[in-house]
Amino acid sequence: MNPYRGSSIERTAGNCGGCINLRAALGHWLDKSRTRAKRPQSQAPRAAVSFLRGGNSRARSTAHGSQMFEKWQQEMDKGNVAMTMRDFASAETHFALAAKEAEKFGHNNLSLALSLDRHAESLIQQAPLSNEQVEVCVNALERACNIYEAAHGPINLKVAELLNKLARIIIWFDADQSEKLARRSISIYEELRSDSVADPIEMLATVLLVQERRDERRETLENYVRKYESMEGASRVALGRILITLACSITDDDKAVLKHYQRAVELLSDVPEQTKKVIEVKVQLGKMLFKEQRFSEAERMFESVIEQGECLPDVHSTTIEEAICRLARLHCCFYEDFDKARRLLKRAEEIRDPEAIPPFGTGIDIENSNLASATGDYSKYEEITREDLRKVREKMKNVSEADYVSTLGFTRPAIELANILERKGAYEEAFQLWEECANFPTVDEWVIEPAKLKLASAYVERGQIEKGRQLADWGLNRINNDTSDDALMLSVIAECKLGRIENTEKSIAILEQRLAELPDDYEDHYRPLPYLNLVIAYGVAGRDDDVKRTLQAMFDDEEDISIFRAMAYEGTAKSLDGYKLPEYATTLRERAREHRVKLLEREQERKRELEPGKPSG
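If you count the sequence shown from 1, position 370 lands on 370 in our numbering, and the numbers rise without skipping.
Hints are computed from structural coordinates only; laboratory data are not their basis.
Check before you lean on any hint, since a few could be wrong.
Stated by the list, open to error - Here are the simulated lysine to aspartate or glutamate pairs, EDC-like style, with alpha carbons at most 16 Å apart:
hint: 1; residue 1: K346; residue 2: E297
hint: 2; residue 1: K424; residue 2: D377
hint: 3; residue 1: K255; residue 2: E523
hint: 4; residue 1: K158; residue 2: E121
hint: 5; residue 1: K380; residue 2: E350
hint: 6; residue 1: K287; residue 2: E310
hint: 7; residue 1: K277; residue 2: E310
hint: 8; residue 1: K255; residue 2: E297
hint: 9; residue 1: K259; residue 2: E222
hint: 10; residue 1: K158; residue 2: D195
hint: 11; residue 1: K506; residue 2: D486
hint: 12; residue 1: K380; residue 2: E349
hint: 13; residue 1: K548; residue 2: E590
hint: 14; residue 1: K574; residue 2: E422
hint: 15; residue 1: K78; residue 2: E101
hint: 16; residue 1: K277; residue 2: E222
hint: 17; residue 1: K497; residue 2: E466
hint: 18; residue 1: K291; residue 2: E603
hint: 19; residue 1: K497; residue 2: E523
hint: 20; residue 1: K277; residue 2: E350
hint: 21; residue 1: K548; residue 2: E583
hint: 22; residue 1: K100; residue 2: E70
hint: 23; residue 1: K506; residue 2: D520
hint: 24; residue 1: K548; residue 2: E512
hint: 25; residue 1: K580; residue 2: E422
hint: 26; residue 1: K100; residue 2: D77
hint: 27; residue 1: K259; residue 2: E229
hint: 28; residue 1: K467; residue 2: E436
hint: 29; residue 1: K291; residue 2: D560
hint: 30; residue 1: K380; residue 2: D339
hint: 31; residue 1: K291; residue 2: D524
hint: 32; residue 1: K78; residue 2: E121
hint: 33; residue 1: K180; residue 2: E202
hint: 34; residue 1: K424; residue 2: D577
hint: 35; residue 1: K276; residue 2: E266
hint: 36; residue 1: K574; residue 2: D560
hint: 37; residue 1: K71; residue 2: E103
Said to hold, decoys possible - Derived CB-CB ranges, DEER-like:
hint: 38; residue 1: E132; residue 2: D215; range: 32 to 42 Å
hint: 39; residue 1: K291; residue 2: F338; range: 17 to 27 Å
hint: 40; residue 1: Y579; residue 2: S130; range: 51 to 61 Å
The beta-carbon is built from N, C-alpha and C at its ideal position, and this holds for glycine as well.
Could you put the whole structure together from the sequences, leaning on the hints where they help?
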């Protein structure tokens, strides 16, 4: 319910109606703000101050005014404490009461504007909002903006801030209006030469993304970068933050992303208020440097994040957790220092929120999987996966089993745990998990596709041929160009076990087609995967000559040494071991070792270049 309904606040701000018409709610003052002359400062705030400070000769009135002010201040204090405690619902109640108290000082006083602004902020923090909450929020911000504009004129920091908040609130209801508000906020901040101009520029970038104007988004941000780089006395903080937003908008140029992030860190590192953002950017920089195979620089970046972040209480623990996990990946997958990787992952677990249920396949989960794969010791990974699955099962007691998130959350750790159990020979428990996943109710069948096809092979191995055939047929009926490579691979295995050669060839033909259509600019990190999928398929199908031909074609396709190729080769070698194809597994391991040796030699040279007194390149 709108707490201002029927009050003079609502009458002044305008009633939006039960189902929001945001253009009606905002348009009347937005259009006026462009032509409105500077108004004289409202008399209401001065009258209230005089009233409370004894300017009125009547002691009784002064006492009454003091009581009014104290009651307003009490509600504001309670609301601010609740905001600090992140109890936003309580804060909403207190700020709404504060606004009603402030209204008694007059309908255009700054105490009322502050109350309305804080009330809106307490709602914003509760996102996603209902239509009714959005209506209340819009009314409060609109009213506060009008008061500040009447008191201080349209070119005012508070007006710019509230315009940007309004843009953020209405973006999903009226993106065009949101864009106008953001641009108006930008123009005010620019006129005032404020660092905060980055806020509405970031908002504008979000609006353009929502409207799928991606090229325009990037061009707009690049224009702002050029503008602030050439402008004398331009804000370094604003430029740094715009560079970060620009980097996030680029998907096809890693070198440009790296350059923008590095420049942003240079601009913001000496600004204490931006330390949290700098730390977050350094995590992204570390990931980019790892992707560029500049491992020593990536290592230093992650270590810097951990050292800085652990000393700052306002840096979110997930940021530090990600840096620790990424550093663990570097030591596991590149340096092969498994003991250090284990120590780092233990450290990440210690700062992980014990109540959180993160999406499976992120952070600690992935790095423990990498460590288990590299060492062959799956005990810790099994423990973590079991715990993830236990948390999801507990959560699912309170939601529909067919819920998309619950389905995804359940099947991923369940299938991964089944795969771990299969590797260690605990086939019965693995079989039970595959069967549970396969029978899980969901409209998104691709989620349970791997479990059903794994189960098809398991049924055949257990002598339940008809059940295996039914699931294999289900998989065949789904095969098309959108089917995942993993599903195609599992289909090949199931069909081979059933002895249905024609069906095996059907899945292999799609894998061959995908490799033939591989674009020349396909990202190098993933380029070996179509080859490796075919290697396994040919190997399981007994087509040895095709295996050798595909391996050679893959090696010929190598443009440079790569840790990502080495990891892909080693992972496929483990799969080939499981399918009893040791000859090809050995070939891949030898090739992976060649990559690792050359990479280590290159990294030693890079480390020498990074020594003090030498250029870093």
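Hint check:
1. Only pairs whose Cα atoms come within 16 Å are accepted, and K346 paired with E297 is rejected, the gap being roughly 23 Å.
2. In summary, the hint linking K424 to D377 is supported, as the alpha carbons are separated by about 10 Å, within the 16 Å threshold.
3. A distance of roughly 14 Å separates the Cα atoms of K255 and E523; the hinted pair therefore holds under the 16 Å criterion.
4. Restraint check for K158 and E121: satisfied, since their Cα atoms lie roughly 14 Å apart, inside the 16 Å limit.
5. Only pairs whose Cα atoms come within 16 Å are accepted, and K380 paired with E350 is accepted, the gap being roughly 15 Å.
6. Taken as a hint, the K287 and E310 pair is broken in the structure, with Cα atoms around 19 Å apart against an allowance of 16 Å.
7. The suggested pairing of K277 with E310 holds, with an alpha-carbon distance near 14 Å, which does not exceed 16 Å.
8. For the given pair, K255 sits about 15 Å from E297 by alpha-carbon distance, which is consistent with the 16 Å threshold.
9. About 13 Å separates the Cα atoms of K259 and E222, which keeps this hinted pair within 16 Å; it holds.
10. For the hint linking K158 to D195, the alpha-carbon distance of about 14 Å falls within 16 Å, and the restraint holds.
11. Pair hint K506 plus D486 holds up; C-alpha atoms about 15 Å apart against a cutoff of 16 Å.
12. Taking the CA atoms of K380 and E349, the gap is about 12 Å. The hint holds against a cut of 16 Å.
13. Restraint check for K548 and E590: the C-alpha separation of about 15 Å stays at or below 16 Å, so the hint holds.
14. Distance hint between K574 and E422 is fulfilled; the C-alpha atoms sit about 13 Å from each other, no more than 16 Å.
15. With a C-alpha separation of about 14 Å, the suggested pair K78 and E101 falls inside the 16 Å cut-off, and the hint holds.
16. Simply put, K277 and E222 have alpha-carbon atoms about 20 Å apart, too far for the 16 Å limit, and the pair is violated.
17. A distance of roughly 12 Å separates the Cα atoms of K497 and E466; the hinted pair therefore holds under the 16 Å criterion.
18. At most 16 Å may separate the alpha-carbon atoms for a hinted pair to count; K291 and E603 meet this at roughly 14 Å.
19. Between K497 and E523 the alpha-carbon distance is near 34 Å, which puts this suggested pair outside the 16 Å criterion.
20. Note on K277 and E350: the hinted pairing is violated, with a Cα-Cα distance of about 23 Å set against a maximum of 16 Å.
21. Between K548 and E583, the direct Cα distance comes to roughly 10 Å. Compliance with the 16 Å bound is thereby established for this hinted pair.
22. Under the criterion of a C-alpha separation no larger than 16 Å, the hint pairing K100 with E70 is consistent with the structure, at around 13 Å.
23. For the given pair, K506 sits about 25 Å from D520 by alpha-carbon distance, which is inconsistent with the 16 Å threshold.
24. Restraint check: the Cα-Cα separation between K548 and E512 comes to about 15 Å, which is no more than 16 Å; the hinted pair holds.
25. Under the criterion of a C-alpha separation no larger than 16 Å, the hint pairing K580 with E422 is consistent with the structure, at around 15 Å.
26. Proposed proximity of K100 and D77 is supported: the alpha carbons are some 15 Å apart, at most 16 Å.
27. At roughly 15 Å between alpha-carbon atoms, K259 and E229 fall within 16 Å of each other, so this suggested pair holds.
28. Pair hint K467 plus E436 holds up; C-alpha atoms about 15 Å apart against a cutoff of 16 Å.
29. Distance hint between K291 and D560 is fulfilled; the C-alpha atoms sit about 14 Å from each other, no more than 16 Å.
30. Note on K380 and D339: the hinted pairing holds, with a Cα-Cα distance of about 13 Å set against a maximum of 16 Å.
31. Proposed proximity of K291 and D524 is supported: the alpha carbons are some 11 Å apart, at most 16 Å.
32. For the hint linking K78 to E121, the alpha-carbon distance of about 15 Å falls within 16 Å, and the restraint holds.
33. Simply put, K180 and E202 have alpha-carbon atoms about 14 Å apart, close enough for the 16 Å limit, and the pair holds.
34. For the proposed pair K424 and D577, the alpha carbon gap of about 13 Å is at most 16 Å, so the pair holds.
35. A distance of roughly 14 Å separates the Cα atoms of K276 and E266; the hinted pair therefore holds under the 16 Å criterion.
36. The suggested pairing of K574 with D560 is violated, with an alpha-carbon distance near 23 Å, which exceeds 16 Å.
37. Of the pairs offered as hints, the one joining K71 and E103 holds, with about 12 Å between alpha carbons and a cut-off of 16 Å not exceeded.
38. For the pair E132 and D215, the beta carbons lie near 37 Å from each other, so the given range of 32 to 42 Å is met.
39. For K291 and F338, the hinted distance range of 17 to 27 Å is satisfied, since their beta carbons lie about 22 Å from each other.
40. Distance hint check for Y579 and S130: the Cβ-Cβ separation is about 54 Å, which falls inside the suggested range of 51 to 61 Å.
Of the hints listed earlier, those the structure fails to meet are numbers 1, 6, 16, 19, 20, 23 and 36, in rising order.
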